[in-house]
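Participant: What follows is each chain in one-letter form.
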Amino acid sequence: MATMVRVIGEQIVALVSESAQKIRSINQKYANPKIQLSGGAKLALLFLELYLIFLVGLLAFKFWTIIHGGA
Amino acid sequence: MDLVSKLYFNYSKIIKTIRIYLLLAGPGMIVMIADNDAGGITTYAATGAKFGYSLIWFLILLGPVAYFVQEMTVRLGAVTKHGHAEAIFSGFGPFWGWFSLLDLTLVNWLTIVTEFIGMTAAMNIFGIPPLVTVIVVILVMFGIVLSGRYWTWEKITMAFCLVNLIYIPAAVLVHPSVSDVIHAGFIPNFPGGFNGELFFYMMANIGTTIAPWMIFFQQSAVVDKNMKEKDIPWGRFDTVVGAFFTIIVAVFVIIVTGTLLYGMEIGSAAQAVHVIMGTHQWVGTLVAIGLFDAGFLGAICIALTSSWAFGEVFGWAHSLNYKVKEAFWFYVFFFAGLITAGTVVLIPGAPLVLITLFVQVVAVTLLPAALVFLIILLNNEEIMGKYKNTLFDNIANITIVICIIVLSSLYGISTLFPALFR
Numbered sequence: 046m047a048t049m050v051r052v053i054g055e056q057i058v059a060l061v062s063e064s065a066q067k068i069r070s071i072n073q074k075y076a077n078p079k080i081q082l083s084g085g086a087k088l089a090l091l092f093l094e095l096y097l098i099f100l101v102g103l104l105a106f107k108f109w110t111i112i113h114g115g116a
Numbered sequence: 059m060d061l062v063s064k065l066y067f068n069y070s071k072i073i074k075t076i077r078i079y080l081l082l083a084g085p086g087m088i089v090m091i092a093d094n095d096a097g098g099i100t101t102y103a104a105t106g107a108k109f110g111y112s113l114i115w116f117l118i119l120l121g122p123v124a125y126f127v128q129e130m131t132v133r134l135g136a137v138t139k140h141g142h143a144e145a146i147f148s149g150f151g152p153f154w155g156w157f158s159l160l161d162l163t164l165v166n167w168l169t170i171v172t173e174f175i176g177m178t179a180a181m182n183i184f185g186i187p188p189l190v191t192v193i194v195v196i197l198v199m200f201g202i203v204l205s206g207r208y209w210t211w212e213k214i215t216m217a218f219c220l221v222n223l224i225y226i227p228a229a230v231l232v233h234p235s236v237s238d239v240i241h242a243g244f245i246p247n248f249p250g251g252f253n254g255e256l257f258f259y260m261m262a263n264i265g266t267t268i269a270p271w272m273i274f275f276q277q278s279a280v281v282d283k284n285m286k287e288k289d290i291p292w293g294r295f296d297t298v299v300g301a302f303f304t305i306i307v308a309v310f311v312i313i314v315t316g317t318l319l320y321g322m323e324i325g326s327a328a329q330a331v332h333v334i335m336g337t338h339q340w341v342g343t344l345v346a347i348g349l350f351d352a353g354f355l356g357a358i359c360i361a362l363t364s365s366w367a368f369g370e371v372f373g374w375a376h377s378l379n380y381k382v383k384e385a386f387w388f389y390v391f392f393f394a395g396l397i398t399a400g401t402v403v404l405i406p407g408a409p410l411v412l413i414t415l416f417v418q419v420v421a422v423t424l425l426p427a428a429l430v431f432l433i434i435l436l437n438n439e440e441i442m443g444k445y446k447n448t449l450f451d452n453i454a455n456i457t458i459v460i461c462i463i464v465l466s467s468l469y470g471i472s473t474l475f476p477a478l479f480r
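Chains A and B, in that order, give the protein sequences. Under the numbering used here, the first residue of the first sequence carries the number 46, and numbering increases by one thereafter. Under the numbering used here, the first residue of the second sequence carries the number 59, and numbering increases by one thereafter.
Calculated from the structure, these hints are not laboratory results. Hints may contain errors.
[What the hints assert, rightly or not] Pair by pair, the computed Cβ-Cβ distance ranges are:
#, chain 1, residue 1, chain 2, residue 2, range
1, B, F450, A, F92, 41 to 51 Å
2, B, K74, A, Q81, 18 to 28 Å
3, B, I76, A, F106, 49 to 59 Å
4, B, L65, A, L82, 55 to 65 Å
[Stated by the list, open to error] When the alpha-carbon atoms are kept at most 20 Å apart in a straight line, the in silico SDA-like pairs for lysine to any residue are as follows:
#, chain 1, residue 1, chain 2, residue 2
5, B, K381, B, I202
6, B, K381, B, W154
7, A, K79, B, E440
8, B, K139, B, Y380
9, B, K139, A, P78
10, B, K446, A, A86
11, A, K79, B, K288
12, A, K107, B, K213
13, A, K107, B, P476
14, B, K139, B, L412
15, A, K79, B, W154
16, A, K87, B, I441
17, A, K74, B, G373
18, B, K213, B, K71
19, A, K74, B, F372
20, A, K79, B, G443
21, A, K87, B, N438
22, A, K87, B, G373
23, B, K286, B, L412
24, A, K107, B, S472
25, B, K446, B, F157
26, B, K286, B, F302
27, B, K74, B, L412
28, B, K381, B, I196
29, B, K446, B, V123
[To be verified] Covered stretches of chain B, going by a simulated chain A footprint (3 or more residues, C-beta under 8 Å):
#, segment
30, 139-153
31, 237-243
32, 416-427
33, 433-442
Backbone N, C-alpha and C fix where the C-beta goes; we use that ideal spot for every residue, glycine too.
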């Protein structure tokens with residue numbers, strides 16, 4: 046039983062390590078975006094970042110109101 | 059004789075055109091009709107019950123909107139031969155790539171749960187327990203996807219798309235007044251004035267018309283189908299036909315519920331079916347079959363979208379043209395999504411209502427990003443060459459994208475804070 050647990054544990058560690066390696070290689074592969082962004086495109090990406098921050102803030106606020114017994 | 063020859067020539071030409079279309083049809087038709095998924099049918103049913111035929115004109119306007127967005131994915135897929143997930147990684151780097159991929163996976167999985175909710179509710183009406191529905195559905199999907207050919211999957215799925223048209227005979231059976239439908243539905247109007255509640259329903263309809271998975275699905279399907287640049291006109295035509303049918307289905311759902319349930323508050327399509335069953339058994343049966351089919355189409359397409367996206371980024375073999383042994387992780391991912399989503403529906407006391415609402419909120423975190431990336435990529439001459447957006451494309455697409463972002467965001471926010479527009 047102990048041997049089986051050890052083998053499964055080793056398999057999981059190997060899988061996690063393999064996945065981490067794969068993610069690192071994906072990050073390296075796409076580290077330099079292939080397209081040149083125009084001013085408008087950069088502005089659109091900035092808008093997206095702000096939009097996401099706003100949405101995350103809104104979700105956090107909703108979560109806070111639920112915790113404190115709100116709607 | 060000359061006339062006969064001319065007629066025969068024209069006949070042959072038409073048959074040849076139809077054959078070519080049937081060969082190249084698929085991604086546009088499937089994505090548009092699968093867009094009328096269980097959640098979509100619920101939205102249309104609720105809209106018809108609340109406002110009768112009055113918002114038919116608005117749904118008709120959404121057809122061109124869906125076409126303009128999806129047409130861009132046809133061009134991008136045919137020219138780059140990459141799916142949307144890979145295109146985002148490649149064009150915008152790992153941060154936006156991982157954000158899009160993980161967000162897509164989450165929203166897709168939640169949406170598949172809602173498809174199973176729709177399918178089990180529909181089959182429950184015929185006395186089939188949810189466990190049996192979930193098992194049979196997954197087994198059938200196994201059979202369709204494991205055929206080992208994209209073509210086979212596509213044509214079987216298109217047959218399921220035809221079943222979606224079941225709402226047409228259902229609408230005929232309820233004997234609506236054609237004059238009422240035309241007068242109330244085809245002339246733009248705001249029933250009861252432009253108030254918060256009407257605005258909420260309009261936003262909900264827009265939210266069901268363009269979903270993030272559709273962008274990823276059609277682009278990946280175009281790549282898997284191996285469509286080339288020369289096939290773009292056919293891809294466009296396929297998308298037009300799909301947009302036409304998706305609106306036809308939406309309009310006929312509205313006609314059914316607007317005739318039978320007008321004035322009622324409907325919370326789900328299953329509830330609508332139960333009420334209709336009480337008075338019009340045949341119509342109820344057809345609507346239940348339609349709801350099941352909608353959930354089935356949604357689930358199979360959405361699960362495939364996640365698998366394609368992960369396969370593209372992780373470099374797995376990711377085509378329906380591969381056997382299981384050749385694209386093991388692609389198929390594992392596909393079935394893992396379906397099986398876990400199906401299992402959630404079977405868990406007693408699972409927060410299914412919360413999941414249904416949460417889908418809208420998560421979707422609005424991804425949709426604006428996916429649309430903005432689409433516009434930026436389509437304007438890049440290095441990538442698109444002569445297929446880049448024209449000035450007209452940009453005026454139409456940017457206007458549509460801004461409207462969708464604003465309205466779908468408001469819809470997502472109103473899901474979080476229901477009192478906002480009520």
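Participant: Which numbered hints does this structure break?
Facilitator: Of the numbered hints, 1, 2, 6, 11, 12, 14, 18, 22, 23, 25, 26, 27 and 31 do not hold.
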